Amino acid sequence: MSLTTAVRSELAAVALPDGVAGRAELSGMLRFSGVLRRGGGAAQPWTWVSTLRSTVARRADRQLVRLFDVRCVLRARQLHAPRPMLLVEIELPEHLLEPLALDVMGAGVDASRRQESRMVDADDPGLPEWLDADDTKWAYVRGVALAGLRLSRADRPHCEIEVPSKTLATQLAALLADLGVRAVPAGHSRDRWRVLARSRSAIGTLLAGTGATSSYLQWEDERTRRAVRGAATRGANADRANARRSVRAATAQVETVVDALARLDSDRLDDELRTTALARLANPTASLGELAQVLDVSRATVSRRFQRLAAAVADVGTSGDGAV
Numbered sequence: 034m035s036l037t038t039a040v041r042s043e044l045a046a047v048a049l050p051d052g053v054a055g056r057a058e059l060s061g062m063l064r065f066s067g068v069l070r071r072g073g074g075a076a077q078p079w080t081w082v083s084t085l086r087s088t089v090a091r092r093a094d095r096q097l098v099r100l101f102d103v104r105c106v107l108r109a110r111q112l113h114a115p116r117p118m119l120l121v122e123i124e125l126p127e128h129l130l131e132p133l134a135l136d137v138m139g140a141g142v143d144a145s146r147r148q149e150s151r152m153v154d155a156d157d158p159g160l161p162e163w164l165d166a167d168d169t170k171w172a173y174v175r176g177v178a179l180a181g182l183r184l185s186r187a188d189r190p191h192c193e194i195e196v197p198s199k200t201l202a203t204q205l206a207a208l209l210a211d212l213g214v215r216a217v218p219a220g221h222s223r224d225r226w227r228v229l230a231r232s233r234s235a236i237g238t239l240l241a242g243t244g245a246t247s248s249y250l251q252w253e254d255e256r257t258r259r260a261v262r263g264a265a266t267r268g269a270n271a272d273r274a275n276a277r278r279s280v281r282a283a284t285a286q287v288e289t290v291v292d293a294l295a296r297l298d299s300d301r302l303d304d305e306l307r308t309t310a311l312a313r314l315a316n317p318t319a320s321l322g323e324l325a326q327v328l329d330v331s332r333a334t335v336s337r338r339f340q341r342l343a344a345a346v347a348d349v350g351t352s353g354d355g356a357v
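Just so you know, we're using this note's numbering here: the sequence shown kicks off at 34 and counts up by one.
Honestly, I wouldn't trust all of these hints.
What the hints assert, rightly or not - Computed Cβ-Cβ distance ranges for the label pairs, DEER-style:
no., residue 1, residue 2, range
1, Ala-241, Pro-117, 44 to 52 Å
2, Arg-267, Trp-163, 46 to 54 Å
3, Arg-281, Arg-337, 16 to 24 Å
For the record, the hints were derived by calculation from the structure and aren't laboratory data. All values derive from a computational prediction rather than experimental measurement. Glycine included, every Cβ here is placed at the ideal spot set by N, Cα and C.
Given these sequences and hints, build the entire structure.
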């Protein structure tokens, strides 16, 4: 199950809120998933039609019965591409438009207006005016998330909500900011917008605030496991690279010692270089640090002695003197 599906399933199982909070959740759910439509001629009433996932549609239907004692028209539609999915259209009668803030074209709409209306910014009144208390705002955001939230993998924090208009996107971003969720509106296509949250803290606050606590913990757990696995991989790669460098350095030092003993008079080497050369031959795979421990000196001292030894080998042909 994807994270988006897990979040939607968990939010759909949250206890139904009462009063204004219940109305706010239902308003957000329907507003962000539907259109205002008039069937037939100008004499026909306006209705609101939302298309929702089946679990979300069942929640909306139960809430409509609890709050308004209304059974709405439901129409199921099975999709097979891009993946199998059951969608449900829920049609609300005209008398529910105002209490749910879905009368987005206002009362007494002109009959010449198009039969199905996706609001342009000049028409869109934005969010309901009665979203005042924090619990009401969070309930509205939960409804919005049920309608159209999408969440990416935890290693690439990205959460987006599809929005019908620029006005609505701007106001939703401001509402989320009031709740401590940093989000920004962004264009999506010619007539659609998105509200994006791209930080782990913002996404965590959004999930926890709407009630998707288990999904939030799963999301954080996956992020932590990926981070630990990435750190372990980087550490292992660094250890292998260090080991390769250490082996190359030790091999070069052994070659320097062998060359020095072949070309120089070992009896005329000073005690420091002779001891270091013999220690390297006795420990051909030891790192510079390990060799320094054997000699009870610092790594820098061992390195300088090998530099002196290499310089002596390079100069022996010129000076003709094997003493170092």
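Evaluated hints:
Between Ala-241 and Pro-117 the beta carbons are some 31 Å apart, a value that contradicts the proposed interval 44 to 52 Å. Remark: the range hint 46 to 54 Å for Arg-267 to Trp-163 is upheld by a beta-carbon distance near 52 Å. In this structure the hint that Arg-281 and Arg-337 lie 16 to 24 Å apart at CB holds, the actual value being about 19 Å.
Consistency with the previously given hints fails for number 1 only.
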